[in-house]
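Between the sequences and the hints, there should be enough to build the whole structure, so can you do that?
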Amino acid sequence: MSSLVAGSGSTVPLLAVDDLHVEFATRDGLVRAVNGVSFELRAGETIAILGESGSGKSVTAQAIMGILPTPPARITAGSIRLEGRELVGLRERDYRGVRGRQIAMIFQDALSSLNPVTCVGEQIAEMFRIHDGAGHGAAKAAAIEVMERVRIPGAARRYGDYPHQFSGGMRQRIMIAMMIALKPQVLIADEPTTALDVTVQSQIMDLLAELKTEHNMGLILITHDLGVVADVAQHITVMYAGRTMEQGPVDDIYSRPANPYTRGLLESIPNLEAKTGRLPAIQGLPPNLLRIPPGCPYNPRCPLAQEICTHEPAPALLQVEGSHHSACHFAQEVRSYGIHRAVQG
Amino acid sequence: MASTEPSRAESSGSILRVRDLVKNYPIMRGVVFKKQVGTVSAVDGVSFDLAPGQTLALVGESGCGKSTVGRLLVGLERPTSGSVVVDGVDLATLSPKQLLEKRRDIQIILQDPYTSLDPRMTVSSIIGEPFEIHPKSLPQGRTKRQAVAELMDRVGLNPEFLSRYPHQFSGGQRQRIGIARALALRPKIIVADEPVSALDVSIQAQVMNLLMDLRDDFGLSYVFISHDVSVVRQIADEIAVMYLGRVAELGSADQLIARPNHPYTQALLSAVPLPDPIVQRTRERITLGGDLPSPADPPAGCRFHTRCFKAQAICAAEQPVLRPVDGAHVAACHFPEPMYDLAGGGSAR
Ligand SMILES: Nc1ncnc2c1ncn2[C@@H]1O[C@H](COP(=O)(O)OP(=O)(O)O)[C@@H](O)[C@H]1O
Ligand code: SF4
Ligand code: SF4
Ligand SMILES: [Mg+2]
Chain A
-15 MSSLVAGSGS TVPLLAVDDL HVEFATRDGL VRAVNGVSFE LRAGETIAIL GESGSGKSVT
45 AQAIMGILPT PPARITAGSI RLEGRELVGL RERDYRGVRG RQIAMIFQDA LSSLNPVTCV
105 GEQIAEMFRI HDGAGHGAAK AAAIEVMERV RIPGAARRYG DYPHQFSGGM RQRIMIAMMI
165 ALKPQVLIAD EPTTALDVTV QSQIMDLLAE LKTEHNMGLI LITHDLGVVA DVAQHITVMY
225 AGRTMEQGPV DDIYSRPANP YTRGLLESIP NLEAKTGRLP AIQGLPPNLL RIPPGCPYNP
285 RCPLAQEICT HEPAPALLQV EGSHHSACHF AQEVRSYGIH RAVQG
Chain B
299 MASTEPSRAE SSGSILRVRD LVKNYPIMRG VVFKKQVGTV SAVDGVSFDL APGQTLALVG
359 ESGCGKSTVG RLLVGLERPT SGSVVVDGVD LATLSPKQLL EKRRDIQIIL QDPYTSLDPR
419 MTVSSIIGEP FEIHPKSLPQ GRTKRQAVAE LMDRVGLNPE FLSRYPHQFS GGQRQRIGIA
479 RALALRPKII VADEPVSALD VSIQAQVMNL LMDLRDDFGL SYVFISHDVS VVRQIADEIA
539 VMYLGRVAEL GSADQLIARP NHPYTQALLS AVPLPDPIVQ RTRERITLGG DLPSPADPPA
599 GCRFHTRCFK AQAICAAEQP VLRPVDGAHV AACHFPEPMY DLAGGGSAR
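Going line by line, the protein sequences match chains A and B. The first sequence runs -15 to 329 under my numbering. The second sequence runs 299 to 647 under my numbering.
You may find that some hints are simply not true.
[To be verified] Straight-line C-alpha distance at most 20 Å; calculated EDC-like pairs for lysine to aspartate or glutamate:
| id | chain 1 | residue 1 | chain 2 | residue 2 |
| --- | --- | --- | --- | --- |
| 1 | A | K167 | A | D116 |
| 2 | A | K259 | B | D535 |
| 3 | A | K167 | A | D145 |
| 4 | B | K434 | B | D403 |
| 5 | A | K259 | B | D552 |
| 6 | A | K259 | B | D526 |
| 7 | B | K486 | B | D388 |
| 8 | A | K167 | A | E198 |
| 9 | B | K486 | B | E427 |
| 10 | A | K259 | B | D514 |
| 11 | B | K333 | B | D511 |
| 12 | A | K259 | B | E492 |
| 13 | A | K259 | B | D511 |
| 14 | A | K259 | B | D639 |
[What the hints assert, rightly or not] From chain B, some residues computed to sit far from chain A (all C-beta separations above 12 Å):
| id | residue |
| --- | --- |
| 15 | N322 |
| 16 | G336 |
| 17 | L397 |
| 18 | K400 |
| 19 | R402 |
| 20 | S414 |
| 21 | K434 |
| 22 | A565 |
| 23 | P596 |
Source of the hints: derived by calculation from the structure; they are not laboratory data. Yeah, the Cβ is synthetic: ideal placement off N, Cα and C, and Gly gets one too.
And the structure:
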């Protein structure tokens, strides 16, 4: 499914995150939230960043948006380049031209990101007034147009309604309308459907995919749910303890994972089709980011861990095949096992 | 394939019998002189039976009334009408004191391990609190402390952490605290309301496995409430799909997922995201139009008719009742009809 561009490594990617490190200075010590995340995004491409809570997905997104609270946060290493332009270290004044206009972001909880005392139409229109310098009438017309575009029934009639008058799914559509208003090149969606019911979830995912194609945007979907992105993303980045564990084309990741963590995640998903009894759960808990274990951060939970996994530094993200990469000393072996999703028995 | 299994509704061996449960909440307006301006119909005529050792799941999307049913079952709220019969005893016939006693038999686990535990209480006092209320239920020859330590051990918590506070535990561990507390009085039935929904997938699997083990070890019966059909599939013997306060379809988990008959169940199953890109790209999906109607103003007739892809004129006029489609498998639809392979194209056949 990947476009022609996605396959060619020669052109400058739309967005390139390289070896990003982010720390938080807290009372208890340094929280190492992101410890070497890398990925690339091309125009018209959808990538997913997958990981459990606390794996550093949202911090990565905030770093890209330039909205990390600094202090306590600090980008200690790595780069974020938008069409080749370095964003790390950019002055706030310059970032304002990037945020919203070039890179936009939607959040899980649309209700708390919308202003409760301003009607939704005004909030969208404001985007056009502030960023595009549109006049009142033009801004209102443009707002109604994007509300229609995200399929809010009776858009013109509902222009003056307040956020609480909409359902969760409609509010997420309003957020999307606000974010695509300025036709950004990159749209980051952080758990956009996590708070929604499944029948609404698929509507929102379809809408995002459609808008991405229409505007030739690069779309980054951040999620903990391996099901939601399976058919939407072309490339997947799997994160654990702030690191990229595995990265590659979606079909490879799901059918031939080359990292024990990815495999564990896939195997622990309950199967809708068959009752399988006990699930092959991953043992233990994700690490405390104040005290990430030495070596591969997954080693205390990994069923395949060997001495090398604790004694050597964390394995680098290395090529497995084509654009499929894994950070595991035994990537090739893991890949050759395939996955054993529990089936009826 | 006509089933010869007797309908559960007629069997008398149920540990829990729910009949025509209705819960309406008044909508009040006014500051000084409050007056009722409407009614929210949260639960509207729910009936089911639960056999000992079995798990019945209530599945549906937010606002379908499944959690309200859960609260009615454990007596946290009184129904507007209808009955809850626990082990042969109708809760409505009990005095408050008798009700307190009966509640030992039916305990609840709540969704959010972050808010359902009192942050100022130690784990030991949270898990041991039921023994304060029912001192006689302390196991023979045990101190409260010993009993709590045993419960902690049983749910996979280190008993050395007795005097810690909830915030010192992870989400999965907090859910284990809630489970230990629910087990303290050796209930016959546990109502689990979205017990793993707030947990990450790897932790979800651990807690699901624990719930299955406890069911088998203690012969528990579960009412398992969840929006997640894949999770439910792993634990449920029977599934009741709810929509806007009513049961749309009820049947054995196997039948209901392999051959759903109600259009809402069909749409729900087809929307469940599956972790398989190839299946996802090719499977048939039913997209529902519109939004969930407000339970303050539910549609007349079939409550699903405003979003149903099969709706006819009769659907807006006449409320369909639950009718057998295959043995004990029942659906509330004027035009029930099985659909196959919605759970992923049958790759596990
Ligand atoms: N403002 C902050 N101060 C201190 N720690 C933070 C802050 N924001 C995030 N973190 C920490 O960074 C880690 C990664 O968080 P996050 O990116 O939100 O994970 P995810 O989105 O994958 O769930 C977490 O341990 C979190 O506690
Ligand atoms: S490097 Fe070792 S511990 Fe880490 S994932 Fe691979 S096998 Fe497991
Ligand atoms: S009764 Fe009519 S509206 Fe209701 S589910 Fe059946 S076909 Fe659809
Ligand atoms: Mg997050």
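Evaluation of the provided hints:
Of the supplied pair hints, the one linking K167/A and D116/A holds, its CA atoms being roughly 11 Å apart against a limit of 20 Å. Straight-line distance between C-alpha atoms of K259/A and D535/B comes to about 10 Å, which keeps the hinted pair within the 20 Å bound. The straight-line distance between the Cα atoms of K167/A and D145/A is roughly 24 Å, outside the 20 Å bound, and the hint therefore fails. In summary, the hint linking K434/B to D403/B is supported, as the alpha carbons are separated by about 14 Å, within the 20 Å threshold.
Restraint check for K259/A and D552/B: the C-alpha separation of about 8 Å stays at or below 20 Å, so the hint holds. Among the hinted pairs, K259/A with D526/B is consistent with the structure: their alpha-carbon atoms are about 14 Å apart, no more than 20 Å. Between K486/B and D388/B the CA atoms are separated by roughly 16 Å; this keeps the pair inside 20 Å, and the hint holds. For the hint linking K167/A to E198/A, the alpha-carbon distance of about 10 Å falls within 20 Å, and the restraint holds.
The suggested pairing of K486/B with E427/B holds, with an alpha-carbon distance near 19 Å, which does not exceed 20 Å. Only pairs whose Cα atoms come within 20 Å are accepted, and K259/A paired with D514/B is accepted, the gap being roughly 16 Å. As the CA atoms of K333/B and D511/B are separated by approximately 50 Å, the hinted pair breaks the 20 Å bound. Distance hint between K259/A and E492/B is fulfilled; the C-alpha atoms sit about 19 Å from each other, no more than 20 Å.
Of the pairs offered as hints, the one joining K259/A and D511/B holds, with about 15 Å between alpha carbons and a cut-off of 20 Å not exceeded. A threshold of 20 Å between alpha carbons decides the hint, and for K259/A with D639/B the separation of about 15 Å falls inside it, so the pair holds. With a least beta-carbon separation of about 22 Å from chain A, N322/B lies farther than 12 Å from that chain, consistent with its non-interface assignment. Every Cβ of chain A is farther than 12 Å from the Cβ of G336/B; the closest lies at roughly 17 Å, confirming the non-interface assignment.
Listed as a non-interface residue, L397/B keeps its Cβ farther than 12 Å from every Cβ of chain A; the least gap is roughly 34 Å. For K400/B, the non-interface assignment is confirmed: its Cβ lies about 32 Å from the closest Cβ of chain A, beyond the 12 Å cut-off. Here R402/B stays apart from chain A, with its beta-carbon at least about 29 Å from theirs, past the 12 Å limit. A cut-off of 12 Å between C-beta atoms confirms that S414/B is not in contact with chain A; the least separation is 18 Å.
Residue-level check passed: K434/B sits 35 Å from the nearest beta carbon of chain A, beyond 12 Å. Non-interface call for A565/B relative to chain A: violated, since the shortest CB-CB distance, roughly 6 Å, does not exceed 12 Å. Remark: the non-interface label on P596/B is consistent with the geometry, its nearest Cβ contact in chain A lying 15 Å away (cut-off 12 Å).
In summary, the numbered hints that this structure violates are 3, 11 and 22.
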